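**Student:** Residue numbers (this note's numbering): 381 to 695.
Derived by calculation from the structure, the hints in this document are not laboratory data.
Source: prediction; values computed, not measured.
One or more of the hints may lead you astray.
As the list claims (entries may be wrong) - Cβ-Cβ distance ranges computed for the label pairs, FRET-style:
(1) Ala-451 - Arg-677: 12 to 22 Å
(2) Gly-613 - Gly-427: 16 to 26 Å
(3) Ala-672 - Arg-569: 48 to 58 Å
(4) Ala-554 - Ser-424: 49 to 59 Å
As the list claims (entries may be wrong) - Simulated crosslink set (BS3-like; lysine-lysine; CA at most 25 Å straight-line):
(5) Lys-611 - Lys-578
(6) Lys-611 - Lys-630
(7) Lys-661 - Lys-630
Just so it is clear, CB atoms sit at the ideal spot from N, CA and C, and this is done for glycine as well.
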Amino acid sequence: MAEQLLRHIPVMLGEAVEGLSVQSDGRYLDGTFGRGGHARAVLSRLGPQGRLLLMDRDPTAIAAARAEFAADPRVSIRHANFSSLAEWDETAAGLDGVLLDLGVSSPQLDDASRGFSFMADAPLDMRMDTTQGESAADFLAHASEREITEVLWNYGEERHGRRIARAIVADRAATPFTRTGQLAALIERVVGRREPGKHPATRSFQALRIRVNGELDALQQGLNAALERLKPGGRLSVISFHSLEDRAVKMFIRDHSGRVKNTRRGPPVAAAPARLVAVGKAQFPSAAEMAANPRSRSAVLRVAEKLVEQKEGLA
Numbered sequence: 381m382a383e384q385l386l387r388h389i390p391v392m393l394g395e396a397v398e399g400l401s402v403q404s405d406g407r408y409l410d411g412t413f414g415r416g417g418h419a420r421a422v423l424s425r426l427g428p429q430g431r432l433l434l435m436d437r438d439p440t441a442i443a444a445a446r447a448e449f450a451a452d453p454r455v456s457i458r459h460a461n462f463s464s465l466a467e468w469d470e471t472a473a474g475l476d477g478v479l480l481d482l483g484v485s486s487p488q489l490d491d492a493s494r495g496f497s498f499m500a501d502a503p504l505d506m507r508m509d510t511t512q513g514e515s516a517a518d519f520l521a522h523a524s525e526r527e528i529t530e531v532l533w534n535y536g537e538e539r540h541g542r543r544i545a546r547a548i549v550a551d552r553a554a555t556p557f558t559r560t561g562q563l564a565a566l567i568e569r570v571v572g573r574r575e576p577g578k579h580p581a582t583r584s585f586q587a588l589r590i591r592v593n594g595e596l597d598a599l600q601q602g603l604n605a606a607l608e609r610l611k612p613g614g615r616l617s618v619i620s621f622h623s624l625e626d627r628a629v630k631m632f633i634r635d636h637s638g639r640v641k642n643t644r645r646g647p648p649v650a651a652a653p654a655r656l657v658a659v660g661k662a663q664f665p666s667a668a669e670m671a672a673n674p675r676s677r678s679a680v681l682r683v684a685e686k687l688v689e690q691k692e693g694l695a
């Protein structure tokens, strides 16, 4: 029972929802429904005139959303990547808040058949949306040694990426990589156990997952779409789980804050008009939350507010 509860604890629930500054008649979008922890908290603060828009790229998550919320007239549900939120007609009226809880969800990790984890042997899939795209097995079947090396370094900062890639290419000729256990065993054989308490396949699995799902591109597109759809005064609340995501969110807020950009070469770049302002500093889980839910340990929450856009020629 304790293990079951751990799986569905929403990370930084209070902080993320507080960051949205929910108004009872507001219009909010949860772009990563998961299993609805954050969505329920937002909905509990909405009155009859409020609206909650739910998105997720995972069809299993959308099925759960429809089972629980389809009958609520305040709720609309869409199976799609949050990167396409501006394409949804429901967002055209403007949003008072957008919440994104990035990365892989606990239900995805805990379902061995999805192939996200090396803790159990399963098909090497890793797709968040199982209805489209190539799986991790598909990618490893055709990618060159250089492509695999670049993915492992760029998305996992895996220092042994070249050795791992070389071994994958050498071994796949005889036996294609189709199982998580098969890939994890190869990585452990090549790298060895160098970090106590950390499986040597951790970085590689993260990197492949990010590549297969196009997560960083989707994040950039989603942030841009959220900025366009937010009303002045609307809030963006984003929870990240690794440095690549958090860096992208931090830089996005900074780049739209109206600051002059200093460059190493050449003069400073003139700032574009400010469109966002950070609300406080980055927030992290409390010691109590990390003890209750170890998966929250790497979480970082950043909140920003959309500013009233100034017209040219006006102060």
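**Student:** Give a verdict on every hint.
**Tutor:** Tested hints:
At roughly 37 Å, the beta carbons of Ala-451 and Arg-677 sit outside the given window of 12 to 22 Å. Under the hint 16 to 26 Å, the C-beta atoms of Gly-613 and Gly-427, about 18 Å apart, fit the expected range. One distance hint, 48 to 58 Å for the beta-carbon pair Ala-672 and Arg-569, is violated here, with the actual separation near 36 Å. For Ala-554 paired with Ser-424, a C-beta distance near 56 Å keeps the hint of 49 to 59 Å intact.
Distance hint between Lys-611 and Lys-578 is unfulfilled; the C-alpha atoms sit about 43 Å from each other, more than 25 Å. For the hint pairing Lys-611 with Lys-630, the CA-to-CA distance comes to about 20 Å; that is within 25 Å, so the pair holds. The hinted pair formed by Lys-661 and Lys-630 meets the criterion: a straight-line CA distance of about 10 Å does not exceed 25 Å.
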